[in-house]
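**Student:** These protein sequence lines are chains A and B, in that order. Take the first sequence: its letter number 51 is residue 51 in the working numbering, and every next letter is one higher. Each number in the working numbering comes from the position in the second sequence (counting from 1) with 180 added on.
Since the hints were derived computationally from the structure, they do not count as laboratory data. One or more of the hints may lead you astray.
[What the hints assert, rightly or not] For the chain B half of the interface with chain A, some residues (derived, Cβ under 8 Å), not all of them:
| id | residue |
| --- | --- |
| 1 | Glu194 |
| 2 | Ser207 |
| 3 | Gly209 |
| 4 | Met213 |
| 5 | Ser223 |
| 6 | Ile226 |
| 7 | Gly227 |
| 8 | Thr230 |
| 9 | Gly233 |
| 10 | Ala248 |
| 11 | Arg252 |
| 12 | Lys254 |
[To be verified] Mimicking PhoX-like on lysine-lysine, the simulated pairs with C-alpha atoms at most 25 Å apart in a straight line are:
| id | chain 1 | residue 1 | chain 2 | residue 2 |
| --- | --- | --- | --- | --- |
| 13 | B | Lys246 | B | Lys188 |
| 14 | B | Lys240 | B | Lys215 |
| 15 | B | Lys246 | B | Lys215 |
| 16 | B | Lys240 | B | Lys254 |
| 17 | B | Lys215 | A | Lys100 |
| 18 | A | Lys94 | B | Lys246 |
| 19 | B | Lys254 | B | Lys215 |
| 20 | A | Lys100 | A | Lys7 |
| 21 | A | Lys94 | B | Lys254 |
[To be verified] For the chain A half of the interface with chain B, some residues (derived, Cβ under 10 Å), not all of them:
| id | residue |
| --- | --- |
| 22 | Pro62 |
| 23 | Gln64 |
| 24 | Leu74 |
Every value quoted in this text rests on a predicted model; they were computed, and no experiment measured them. We put the beta carbon where it would ideally sit given N, CA and C, even for glycine.
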Amino acid sequence: MSDATVKWKCKFWSTWNEEAHQQWAEAHARQGLKLSGIACMGLLNRFETAAPEERAIRWDYPPQLTGREHYRQLYRDAGWELVGTAIGWHCWSKAVEPGKPSELFTDSESKRRRYRVVMLPMAVVAAANIPILGVLVSSWPVYVEQGLAGTAATAIAACAIATASLLYGTLRLWQRIQSS
Amino acid sequence: MGDPNYSKYLPLSEASFYMLAALDQPSHGYAIMQKVEAMSGGSVTIGPGTMYGAFNTLEKQQLIAKVAEEERRKIYALTDLGRQVLAEQVRRLEMMVENARRAILEKK
Numbered sequence: 001m002s003d004a005t006v007k008w009k010c011k012f013w014s015t016w017n018e019e020a021h022q023q024w025a026e027a028h029a030r031q032g033l034k035l036s037g038i039a040c041m042g043l044l045n046r047f048e049t050a051a052p053e054e055r056a057i058r059w060d061y062p063p064q065l066t067g068r069e070h071y072r073q074l075y076r077d078a079g080w081e082l083v084g085t086a087i088g089w090h091c092w093s094k095a096v097e098p099g100k101p102s103e104l105f106t107d108s109e110s111k112r113r114r115y116r117v118v119m120l121p122m123a124v125v126a127a128a129n130i131p132i133l134g135v136l137v138s139s140w141p142v143y144v145e146q147g148l149a150g151t152a153a154t155a156i157a158a159c160a161i162a163t164a165s166l167l168y169g170t171l172r173l174w175q176r177i178q179s180s
Numbered sequence: 181m182g183d184p185n186y187s188k189y190l191p192l193s194e195a196s197f198y199m200l201a202a203l204d205q206p207s208h209g210y211a212i213m214q215k216v217e218a219m220s221g222g223s224v225t226i227g228p229g230t231m232y233g234a235f236n237t238l239e240k241q242q243l244i245a246k247v248a249e250e251e252r253r254k255i256y257a258l259t260d261l262g263r264q265v266l267a268e269q270v271r272r273l274e275m276m277v278e279n280a281r282r283a284i285l286e287k288k
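Based on the provided sequences and hints, a complete structural model is requested.
**Tutor:** Here's what the structure looks like:
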């Protein structure tokens, strides 16, 4: 039986800045806490006490829904451990070996392709949100007249925040594609 | 049948080039990774994400084909088209090297 102590920690991260989560989890590994599980859409992180070590933590979003078992086997063969999944995202972990690569993507072309896979659905949803936001805003007088101003304001604010976040995420990923 | 339209496939990325070159016999992904590293004297390493994406692209382009499956590992082989494209890439690279050598020698 393992003597490892389990700790759960919460970390907010965005799909256009997964590096923040990766660096955070890698810092925990250096302090003797190994990331061993993911829950609640990637926000909750399960850590186990372990010997301090250099670990690479990488999120990946495989482009295809089919053939996941082949995808996972290839990564496992290359020495990566699957920590967990969250809405299609896969979190991989690997002990860093001196002189050995600890990246999933090793050329610019594949990095750009990977960012495009994440960016395109985000851009589509952002674009679809804009007319919805337009309809909500243009219908504001009707909602006020019907005494639904509070509900409408909440809906407009939620839609505006979601649209702005998606547009921002699309822009950040586009910038990463350009700089790769 | 005429020559393929090579401009559709060339130039190959370094990863794709080495993957095709490593498929002199059918292999699965990890075996190709190891072979590429050995072939290039350790100067080229292909990460699993890069390899998975390249497999999908090369398979769609029909430069490689799945010939078997063993314990969740796809075994790929070079197709005739893949061999032709690789040969054309090698021919172009040789021409580039020859021209570059001449330019270097002329400068001396």
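**Student:** Now, for every hint given, state plainly whether the structure supports it.
**Tutor:** Hint check results:
Here the hint on Glu194(B) is kept, as its CB sits about 7 Å from the closest CB of chain A, short of 8 Å. Checking Ser207(B) against chain A by beta carbon gives a least distance of about 12 Å; that is not within 8 Å, so the hint is violated. Interface hint at Gly209(B): satisfied, since its Cβ lies 4 Å from the closest Cβ of chain A, which is below the 8 Å cut-off. Hint status for Met213(B): holds, given a least beta-carbon distance of 6 Å to chain A, under 8 Å.
The beta carbon of Ser223(B) comes no nearer than 12 Å to any beta carbon in chain A, farther than 8 Å, and the hint placing it at the interface is violated. This hint holds: Ile226(B) has a C-beta 6 Å from the nearest C-beta of chain A, less than the 8 Å allowed. For Gly227(B), the shortest C-beta to C-beta distance to chain A is roughly 4 Å, which falls under 8 Å, so the interface hint holds. This hint holds: Thr230(B) has a C-beta 4 Å from the nearest C-beta of chain A, less than the 8 Å allowed.
For Gly233(B), the interface hint holds, the least distance from its beta-carbon to any beta-carbon of chain A being 5 Å, beneath 8 Å. Residue-level restraint check for Ala248(B) is violated (minimum Cβ-Cβ distance to chain A is 12 Å; threshold 8 Å). Checking Arg252(B) against chain A: minimum C-beta separation of about 4 Å stays under 8 Å; hint holds. Hint status for Lys254(B): holds, given a least beta-carbon distance of 5 Å to chain A, under 8 Å.
With a C-alpha separation of about 21 Å, the suggested pair Lys246(B) and Lys188(B) falls inside the 25 Å cut-off, and the hint holds. About 23 Å separates the Cα atoms of Lys240(B) and Lys215(B), which keeps this hinted pair within 25 Å; it holds. Distance check on the hinted pair: Lys246(B) and Lys215(B) sit about 18 Å apart at the alpha-carbon level, within 25 Å; holds. Pair hint Lys240(B) plus Lys254(B) holds up; C-alpha atoms about 15 Å apart against a cutoff of 25 Å.
Pair hint Lys215(B) plus Lys100(A) holds up; C-alpha atoms about 15 Å apart against a cutoff of 25 Å. Simply put, Lys94(A) and Lys246(B) have alpha-carbon atoms about 28 Å apart, too far for the 25 Å limit, and the pair is violated. Taking the CA atoms of Lys254(B) and Lys215(B), the gap is about 16 Å. The hint holds against a cut of 25 Å. Between Lys100(A) and Lys7(A) the CA atoms are separated by roughly 30 Å; this puts the pair beyond 25 Å, and the hint is violated.
Distance hint between Lys94(A) and Lys254(B) is fulfilled; the C-alpha atoms sit about 23 Å from each other, no more than 25 Å. Hint status for Pro62(A) relative to chain B: holds, with the closest Cβ pair at about 7 Å, below 10 Å. Nearest Cβ of chain B to the Cβ of Gln64(A): about 7 Å, under the 10 Å cut. The hint holds. Here the hint on Leu74(A) is kept, as its CB sits about 4 Å from the closest CB of chain B, short of 10 Å.
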